[in-house]
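Undergrad: Residue numbers (the working numbering), protein chains in the order written: chain A, 1 to 242; chain B, 1001 to 1051.
Simulated from the structure, these hints should not be mistaken for laboratory data.
Please note that the accuracy of each hint is not assured.
Derived list of chain A stretches under chain B, where covered just means 3 residues or more per stretch with a C-beta under 8 Å from a C-beta of chain B [what the hints assert, rightly or not]:
no.: 1; segment: 50–60
no.: 2; segment: 111–117
no.: 3; segment: 216–230
Chain B is nowhere near these chain A residues, computed Cβ spacing over 12 Å in every case [what the hints assert, rightly or not]:
no.: 4; residue: Thr28
no.: 5; residue: Leu135
no.: 6; residue: Glu189
no.: 7; residue: Pro197
Glycine included, each C-beta is placed from N, C-alpha and C at the ideal position.
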Amino acid sequence: MATGFNIHRFANPGRFLRLAGALLPWLTGGAVILFAVGLYLALVGSPPDYQQGDTVRIMYIHVPSAWMAMMGYGLLGAAGASALIWRHPLADVASEAIAPVGAGFTFVALVTGSLWGKPTWGTYWVWDARLTSFLVLFFLYVGHIALTHAFDERQRGRRSAAIIAVVGLINLPIIKYSVDWWNTLHQSESILRMDGPSIDPSMLWPLFTMIVAFTLYFFAVVMTRMKAMLLEARHRAAAFAR
Amino acid sequence: MGGDAAFVWPAYGVAALMLIAFALLSWRRLRAAERALERVTESDPAMSDDA
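Based on the provided sequences and hints, a complete structural model is requested.
TA: And the structure:
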């Protein structure tokens, strides 16, 4: 059957390079425009919260960072599974490109959450289920990066990292449902709810704009890193062949 | 923003630093890889994709 969309077609490095070349300008341009609009809405165009005051503005970077951290790990797990099961040539490259970016977003989510927590909860940190599971996510990313580079034989490191990526997927539902399963200081879900978001539209639109900007940025940076790694591999092969 | 500024601006600062750093480092790595590959293909056109 040759009909329909087949994601495996893009596992070909040459095809991926052509796709990245076509998509990168759009992803980058879209991210720049939406960051400009989103930042204006977040810092100027949206009202302060009646309880949180201006600290609510931290939400416009905290929530998108947390979403990118989780989405990144989901992709890392999928890439790890692809590497282990199908041995896709691009899966290891994707993993190495995603992990540091995902770790960066996790770090930003932890720091911005902490800066929001102090004026709101009266403390920078509390060992509740949401915060702790998110800290575990950061350690999973760091563990993945460390394992990738831990062995002289590169493929062993990549394989070990792929295993940790797949096993670590169990942490994603724990993060997502931690606020429902346990009594946490972190507030419960306010966007992806069955009965619709509980945030006022004047704050939801800036948040939505920033989430799309962060998503475009994430894919632009990951694609740039993947493209660079593939060209480095070509360069090594060319230098070796001479 | 009053007293809230002490929490809001550091949060935006950390996020901006991370976003700019990753974008710049990734772009510089790509440029370096493209230049290195260009040097090899210029000295040996058989290595080029078009060959």
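Undergrad: Does each hint fit the structure? Answer for all of them.
TA: Each hint tested on the structure:
Counting residues of the segment 50–60 of chain A whose CB falls under 8 Å from any CB of chain B gives 5; the rule of at least 3 is met. Counting residues of the segment 111–117 of chain A whose C-beta lies closer than 8 Å to any C-beta of chain B gives 4; at least three are required, and the coverage claim holds. Against chain B, the segment 216–230 of chain A contributes 8 residues with a C-beta closer than 8 Å to a partner C-beta. That satisfies the three-residue criterion, and the hint holds. Not every CB of chain B lies more than 12 Å from the CB of A:Thr28, the least distance being 9 Å, so the non-interface label is violated.
A:Leu135, annotated as away from the interface, keeps every beta carbon of chain B farther than 12 Å; the closest lies near 16 Å. Against chain B, the non-interface label of A:Glu189 holds: every CB pair exceeds 12 Å, the least being about 21 Å. Even its closest Cβ contact with chain B, about 22 Å, leaves A:Pro197 beyond 12 Å, as expected for a residue assigned away from the interface.
The earlier numbered hint that this structure contradicts is number 4, and it is the only one.
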